[in-house]
Amino acid sequence: MAFIKTIRGIGHRVINAVWRIGVAARFFFLTIIYSGNSFRRFNLIIKELFSSGVMSLIIIIVAGLFVGMVLGLQGYETLKRYGSESALGVMVALGLVRELGPVMAALLFASRAGSAMTAEIGLMKATEQISAMEMMAVNPIARIVAPRFWAGVISMPLLAALFSAVGIFGGYLVGVVQIGVDEGSFWSQMQAAVDFREDVLNGVIKSLVFGTVVTLIALFEGFDAPPTAEGVSGATTRTVVTSSLAILMLDFVLTAIMFRGA
Amino acid sequence: MPPSALVEIRDLNFTYDKRPVLQGINMTFPRGKLVAIMGLSGCGKTTLLRHVGGVLKPNKGYVKMDGQVMHELDQAGLYAMRRKMGMLFQFGALFTDMSVYDNVAFQMREHTNLPEDIIHSLVVMKLNAVGLRGAQNMMPSELSGGMARRVALARTVALDPMLIMYDEPFAGLDPISLTVIGDLIRRLNDALGATSIIVTHDIQESLKIVDYVYFMASGVIVAEGTPDELRANQTGFVRQFMHGEMDGPVPFHYPGADYRQDLNLRA
Ligand SMILES: Nc1ncnc2c1ncn2[C@@H]1O[C@H](COP(=O)(O)OP(=O)(O)OP(=O)(O)O)[C@@H](O)[C@H]1O
Ligand SMILES: [Mg+2]
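Sequences listed follow chains R and L, in order. For the numbering used here, count along the first sequence from 1 and bump the result up by 1471. Mapping of the second sequence onto the numbering used here: position 250 corresponds to residue 231, and the numbering continues sequentially without gaps.
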């Protein structure tokens, strides 16, 4: 009996998970369909760009600076063994533009802006604001979800670029200013080695994908949250956990596709 | 049934997770009238309003508004219908990320192309009607419960709907606001030529303003009539409701297991 119960429990969970994925896919589809209104009234998106993008600036800048400085230190220690300290700039820049910029910015965005989006929408649902909007014949997906979605998709590459730029500056501070790597070779080798299409564009594509996924998870969790205090807090946690895992897994997949054999 | 009815509910049945909430409800809301639905907490009043708004779909029976069956409409038809309705939610449901002014202006901005200066005049007029013109720049979190409800009221009638539904408009109001709001609901109804459904526990206040009353208990209608008829008919349910008596035909307790069994007592 206990055995059957376990099996049944597992089956139940699998069915639920598949069901949720289906609901999420439908949600994504509806968000895209109802996006027209957001672009006609672009100020709706601008307002959300401010609350998710601009509010994440500080954390992105601070984190970027420190990550870049650590890269400078570690990179110097490693490169010194092979006598190629002058390649420090290349290492820092490639590491940031290809990987750390998009990934770290997305992780920070998920925990700063994503969780806030989930909590906000979950609370709107719990306090019947979403029902009220429906009763006013205003589609909540068009009015609440779509502007936030596009704000996330737009701000993610910008934040990732900022992260990389600040990070490179951090690497410069440690490598050149503090340790004394030759400034000319730091910048010139970086300029020569970083390819626009191979490296920068691929980084931008990554962050676009991350932005889409993180924002979608955050919005879906909020919209799907049970309308109670525990429901909203559980959804907020799930947003951070699910989107962090999704970012890291997708990063592997994207990297494998983009840089395989290159 | 009179041809002038705006909303008709016929044999409405609804079940939440196998538990019947509404059982064979028949109601008629004639145009221009203000009708009250009263009943104990949990008897299904809010659920009934959700059917009128087309949020819930009945298991059996229908709600017909303006000649159309609500649960048969597609999304576009439903939204078109809802633009003719206003609903005051039991807990206000103000948009917490917008000021009082923006809350009231919300539907005007979403559904009309009115220029901002006309919207401004309309919003100020609506807020003035509920006595909160001075609060237009406050955020919902800064309002008291009663003030929030008055703002919600202003927002509900922002686009002059033809059907206005009020879920507990009197809860949490001081005696002065209570009379003012009661009066306002009546005047709004008559001035807009609207039809109003008002769900409330407040018998004394609502008998003063409404044209007709339905009493509900556990999902069925147990009494109905005009305020005068109800004042004259002081028996059974009506008497229990009007005087708030504990004992009477309506049980106070939500159905459950035997009390002694729940307390783990042995007979
Ligand atoms: N989402 C839901 N899921 C399951 N049951 C529900 C749900 N909402 C309401 N109910 C049940 O339906 C019944 C009627 O609820 P409803 O909210 O319509 O009551 P009400 O008459 O508005 O009460 P009150 O005067 O307290 O607001 C209650 O017994 C409640 O337990
Ligand atoms: Mg209710």
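Any given hint could turn out to be false.
Once the Cα atoms are required to be at most 25 Å apart in a straight line, the calculated SDA-like pairs of lysine to any residue come out as [said to hold, decoys possible]:
1. L:K14 with L:G237
2. R:K1518 with L:L95
3. L:K(-1) with R:K1518
4. L:K(-1) with R:R1491
It is worth saying that the hints were derived from the structure and are not from the lab. As the structure is a computational prediction, the values presented were derived from the model and not from experiment.
Outcome of the hint check:
Proposed proximity of L:K14 and L:G237 is contradicted: the alpha carbons are some 38 Å apart, above 25 Å. Under the criterion of a C-alpha separation no larger than 25 Å, the hint pairing R:K1518 with L:L95 is consistent with the structure, at around 22 Å. The straight-line distance between the Cα atoms of L:K(-1) and R:K1518 is roughly 44 Å, outside the 25 Å bound, and the hint therefore fails. For the hint pairing L:K(-1) with R:R1491, the CA-to-CA distance comes to about 23 Å; that is within 25 Å, so the pair holds.
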